[in-house]
Amino acid sequence: MNSLFLSTPRCTFSQYRAETYDSLRYHINRLQGILSATETDLQQTKGKLEEARAAAQRDRDVIRKMENRIAELEDTVSKQKSTISTQSKTISSTVKSQHRALSFSFTTPQHHWTNGQEATRVSRYQHVFNNPPPKFGLGDPVTPISAGNQATNATSGASSTAKSTNMSAIDRLNAFVPPIGPKAAAEEKAIPISSLPRNPPEGMMIMEETNLSAMDFGYKFHSLFQKSEAFGQLYINSSSEHPDNAIDSDTMAHLILASHPDSVSGLLADPTTRFVLLVKAINVFLISKVLRMGVVIGFDSTADSEIGQMMSLLYPDAPTTVRALLYEAMRRQVNRIRNKPLFTNFYNKRKNEHATALFRLLSPLVQRNHPKIWTDFVAIIEEAHNLALTMFSGPYEFQLHCAEVGDLFDAHSMFNRDATLVRSGCVGDSQTLMRKCHRVKLGVTPTIWFRNNSVPMNEPMQIVNMGHVMLSPMAVNGRTNCCCCYCCIKLWGLEFCRPSSEIFGSVEWMCYLATYP
Numbered sequence: 001m002n003s004l005f006l007s008t009p010r011c012t013f014s015q016y017r018a019e020t021y022d023s024l025r026y027h028i029n030r031l032q033g034i035l036s037a038t039e040t041d042l043q044q045t046k047g048k049l050e051e052a053r054a055a056a057q058r059d060r061d062v063i064r065k066m067e068n069r070i071a072e073l074e075d076t077v078s079k080q081k082s083t084i085s086t087q088s089k090t091i092s093s094t095v096k097s098q099h100r101a102l103s104f105s106f107t108t109p110q111h112h113w114t115n116g117q118e119a120t121r122v123s124r125y126q127h128v129f130n131n132p133p134p135k136f137g138l139g140d141p142v143t144p145i146s147a148g149n150q151a152t153n154a155t156s157g158a159s160s161t162a163k164s165t166n167m168s169a170i171d172r173l174n175a176f177v178p179p180i181g182p183k184a185a186a187e188e189k190a191i192p193i194s195s196l197p198r199n200p201p202e203g204m205m206i207m208e209e210t211n212l213s214a215m216d217f218g219y220k221f222h223s224l225f226q227k228s229e230a231f232g233q234l235y236i237n238s239s240s241e242h243p244d245n246a247i248d249s250d251t252m253a254h255l256i257l258a259s260h261p262d263s264v265s266g267l268l269a270d271p272t273t274r275f276v277l278l279v280k281a282i283n284v285f286l287i288s289k290v291l292r293m294g295v296v297i298g299f300d301s302t303a304d305s306e307i308g309q310m311m312s313l314l315y316p317d318a319p320t321t322v323r324a325l326l327y328e329a330m331r332r333q334v335n336r337i338r339n340k341p342l343f344t345n346f347y348n349k350r351k352n353e354h355a356t357a358l359f360r361l362l363s364p365l366v367q368r369n370h371p372k373i374w375t376d377f378v379a380i381i382e383e384a385h386n387l388a389l390t391m392f393s394g395p396y397e398f399q400l401h402c403a404e405v406g407d408l409f410d411a412h413s414m415f416n417r418d419a420t421l422v423r424s425g426c427v428g429d430s431q432t433l434m435r436k437c438h439r440v441k442l443g444v445t446p447t448i449w450f451r452n453n454s455v456p457m458n459e460p461m462q463i464v465n466m467g468h469v470m471l472s473p474m475a476v477n478g479r480t481n482c483c484c485c486y487c488c489i490k491l492w493g494l495e496f497c498r499p500s501s502e503i504f505g506s507v508e509w510m511c512y513l514a515t516y517p
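Going left to right, the sequence shown walks through residues 1 to 517 as UniProt numbering numbers them.
Hints are computed from structural coordinates only; laboratory data are not their basis. All figures in this text were calculated on a predicted structure; none of them were measured in a lab. Among the hints, a few may not be true.
Derived SDA-like pairs: lysine to any residue, alpha-carbon spacing no greater than 25 Å straight-line [claimed, not checked]: (1) 372 to 354; (2) 227 to 370; (3) 289 to 314.
Starting from the given sequences, assemble the full structure and let the hints guide the process.
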């Protein structure tokens, strides 16, 4: 019995010892594993530390080299400043009495002088358009002394009345170009005139802070196209003065582009439409060359590249937020280059390029010897380029479209410029003209849609300028204006002329021909 009691605790103690040993061995193995992992992490950390020390040493070497380079550049700049200061003092001493002009003017073309008595006056047989176009501020600034010398040379032998008339015409064309402010280039936006310095750098331009509406742009477009309309009415010549078969190929190609190959001859021969074709030729040039983003392209290659990339992303179905961001980015680029030095000179050169090209195209259709033709033409060129800068200096979106010859008249986007049509009995009401399927004979001004992308609401584009068109008269049987792309259906004694695209669900309008069987 005693042996039983003694053997039981002995077995229990041995088991306890075995369990304790296994437990300790397990803990030892676990701790050894933790130690091994910690040593591995330590080695990795030491490796990273060595790499960081090496990188820090390389950075210190680069910083030391940059500091040395900065010191060299500062020394070079200080030497250049002293040289420039010395040159400026030398130059300022020679022109101390002259005042700098902040305006750019348009100079009339200089005629060629001949020997003898003809040297004191302009030849009456010398055509104005055989001379270069007016200079848009590309020459040296006109000082009071140089202006007096130029006036004396250009008008020697003329009366004092003629001098005052010529000078007043030039003065009316002068436009003040305000200088740039210090914050405009940095913030890439317009600044008010009140913050400008009193003595700004020369050759710099600013923009007023504007937030133009659809009505504002409608007025600007109307004013521009009214000027081209008045120019065409006043200066158009007759076919007897310049035969149409003598028109050069470039001018004829531009007239065909403005109208249609089959209708250009008839428009030129008809005195009532000849001047209208001239107006259309001017408007087509302005739309394709001036009122485009390309008018500021060529001054800054970096801005040109970025603007081109952003324009490539403006696909028709782009979301409103994406379009707003892209137009805002393009606005910043345009304002940034506008606020750069010498942009005014670049833009004046661009005006001269466009003026030269347009003069060459218009010369066979205008009265070349009219005394005011230069003044009125310069007004068109100047206003068009100013409008182009305004268009692209804000987050504005435009679509310009001229009606093609043969397009159906749309009363919602077109305006019939003729009070009555050629044929008697035709009603001139816009809705009636649209219902009777009148077609465009010549689209004179474009239809222009506008949208301000700074407005957060997803609004559709608004029409700010309705396209002025000339319409062709409709035949008696009511079928002249129908073509193969229209489906004529008889229904209840009436004939309905619908566009074929309506069959596929694209219904934009419908015109009814009241033709009984």
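How the hints compare with the structure:
Only pairs whose Cα atoms come within 25 Å are accepted, and residue 372 paired with residue 354 is accepted, the gap being roughly 19 Å. Restraint check for residue 227 and residue 370: the C-alpha separation of about 17 Å stays at or below 25 Å, so the hint holds. Distance check on the hinted pair: residue 289 and residue 314 sit about 20 Å apart at the alpha-carbon level, within 25 Å; holds.
Going through the hint list in order, the structure satisfies each hint without exception.
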